[in-house]
Amino acid sequence: MNPAVRRVWGLVYRHLTLYRRSWPRIAEIAYWPTLQLLIWGFTAQFFSHAHGSPAAMAGGALIAGVLLWEITLRGQLGVTITFLEDIWSRNLGHVFVSPLRPTELVISLLTVSFFRTMVGLLPALLIAYLLYAYNILALGPVLFFFFVNLMVMGWWVALLIVSLLFRYGAGAESLAWTIAFGITPFACVFYPLSALPVWLQPVALVLPPEHIFAGMRAALFTHQMAWSELAMAALLNVLWMALAAAVFAGQFRAARVRGALISIGE
Amino acid sequence: MNAITVKNLTKQYTGTLAVDDISFTVAQGSVVGLLGGNGAGKTTTISMLLGLLVPTAGTLTVLGHDMAKDRFAALAKMNFSSPYIALPQKLTVAENLRVYGHLYNVPKLSRRIEELAAQFNLGGLLNRLAGELSAGQKTRVALAKSLINRPDLLLLDEPTASLDPDTGDFVRTALETYRRESGAAILLASHNMAEVERLCDDVLMMKQGKIVDRGTPDDLIARYGRDDLEQVFLDIARSGAEAGA
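Sequences listed follow chains C and B, in order.
Per my numbering, residue 1 is the first one in the first sequence, and the count goes up by one each step.
Per my numbering, residue 267 is the first one in the second sequence, and the count goes up by one each step.
This is chain C alone, in the form it adopts within the complex (with noise of 0.2 Å):
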């Protein structure tokens, strides 16, 4: 095996095995997901019951844009609590000391990402499925370009805030559950951006999700696909991206000139 992939699989392997052995880690991955699932689920059934036809299409894109956002979500959580599982072992040390390249770092913190997503998103779907008689695989072919779009998203706000436990330590680590929460009301998830005021609409636009909403409302209303949107979407996200891992870089050596990388679980 090539010995960075190797490195890749070491961290991965050490996280993997960490998760084998604890239920109430695995269930906290899919709790989250599967009850927003329920809240809005059955929310969605109540207008759609009373309302008829219209309040059903919009049950069904409330529960799209559920199942989609926890991508992100999940995304983010994922790579911010797998680090913070080694800032809490005290262990980081030993992999900051090892060959491990920062980059190699990242791409591990990723992979785990993937899979608690996965983990996470599964139970969810079935919920939606088994309860609501809804099938986000109808969306189709389409659906992979929102999930990479919207994983991609959550990563780079991942690595924004591992970039803020590089500068304030472990003391900054509820970040790491609220900041992406915080992004909720600009990304137009649940809503199309004219809802929002004149004033704040700027700061949806620079956001990959309102793109991506856009494209899940237009695929589910009309049955369209806004490549446009779309595209826009793919084109932020690389550029916050950029900028993510420019910050990501500029703080591990900030870390490493103030000896911040000894003092991290403080």
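Just so you know, these hints were derived from the structure itself, not from any lab.
All values derive from a computational prediction rather than experimental measurement.
Among the hints, erroneous ones may be present.
Unchecked claim - Covered stretches of chain B (chain C as the covering partner; in silico rule of three or more C-beta atoms under 8 Å from a C-beta of chain C): (1) 314-326; (2) 351-360; (3) 369-379.
Said to hold, decoys possible - So these bits of chain C aren't anywhere near chain B, every CB distance computed over 12 Å: (4) Gly60; (5) Ala172; (6) Ile179; (7) Phe181; (8) Gln224; (9) Ala226.
Backbone N, C-alpha and C fix where the C-beta goes; we use that ideal spot for every residue, glycine too.
With the hints as your guide, set chain B onto chain C.
Showing chain B alone in chain C's frame:
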């Protein structure tokens, strides 16, 4: 050949000069002790040697690699152990060794783990969670981890701190054996002067970020007119003279 060459190394934090223009070498195959009181600059020096910390000035060459430009090549050939950095508690001993075997790209990893298990009496512990081990058992596992890649340079920060005399002796014997069989260099930071006298060919005495003296344990004891290294340590630590004497 030197395993470590340090030239004019300085680390300045805001308002604190942690390491002040030190230079030293560690020859391949030698064991060098890094001694000094708390805050003398030992951990800062080791952190710079490990690439955890960027020096403010000076150069570090480790196993022929400039740490400023090529630290990962050096890190692949060295290793580190400290009781202050833990291994993942929820992984078994074997899983921990496997993780680090992958990180260090160790060939024939299962066989290497078996060798280390035999060497450090870990056979019965391989399937136990690291978090369930006693302090002495954790130290043996940490040492096994630090030798997983057969390092040419081993950096040890108080490897026997808080161990009972029997386990401490076990660790020291293991280090002597590894050094003899591998020809590796070892840089040892310790507050246990008897351990330093037993293991080290050479001792660097640090105070206030500077190297204030250097010599073999016997040389230092003779030069200070004392009976053992602990008395030398106390003389240096309590002397009013500024560092650099």
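>> The output says C/Gly60 does not contact chain B. Does that hold with a beta carbon cutoff of 12 Å?
In response: For C/Gly60, whose nearest Cβ neighbour in chain B is about 41 Å away, the distance exceeds 12 Å, so it holds.
> Minimum Cβ separation between C/Ala172 and chain B greater than 12 Å?
Replying inline: holds, 20 Å
>> Three residues or more, CB to CB closer than 8 Å: is that satisfied between the region 351-360 of chain B and chain C?
In response: With 7 residues in contact (Cβ-Cβ under 8 Å with chain C), the coverage given for the region 351-360 of chain B holds.
>> Does C/Ile179 clear chain B by more than 12 Å, comparing its Cβ with all Cβ atoms of that chain?
In response: The assertion about C/Ile179 holds, with a minimum of 26 Å to chain B.
> For the region 369-379 of chain B, do three or more residues have a beta carbon lying closer than 8 Å to a beta carbon of chain C?
Replying inline: It holds, with 3 qualifying residues against the three required.
>> Confirm or reject: C/Gln224 is not an interface residue toward chain B, with every Cβ-Cβ distance exceeding 12 Å.
In response: holds, 48 Å
> Just checking, C/Ala226 versus chain B, shortest CB gap more than 12 Å?
Replying inline: Holds, because the least Cβ-Cβ distance between C/Ala226 and chain B comes to about 44 Å, which exceeds 12 Å.
> Is the Cβ of C/Phe181 farther than 12 Å from every Cβ of chain B?
Replying inline: holds, 28 Å
> Are there three or more residues in the region 314-326 of chain B whose C-beta lies within less than 8 Å of some C-beta in chain C?
Replying inline: holds (count 5)
Checked against the numbered hints given earlier, this structure breaks none of them.
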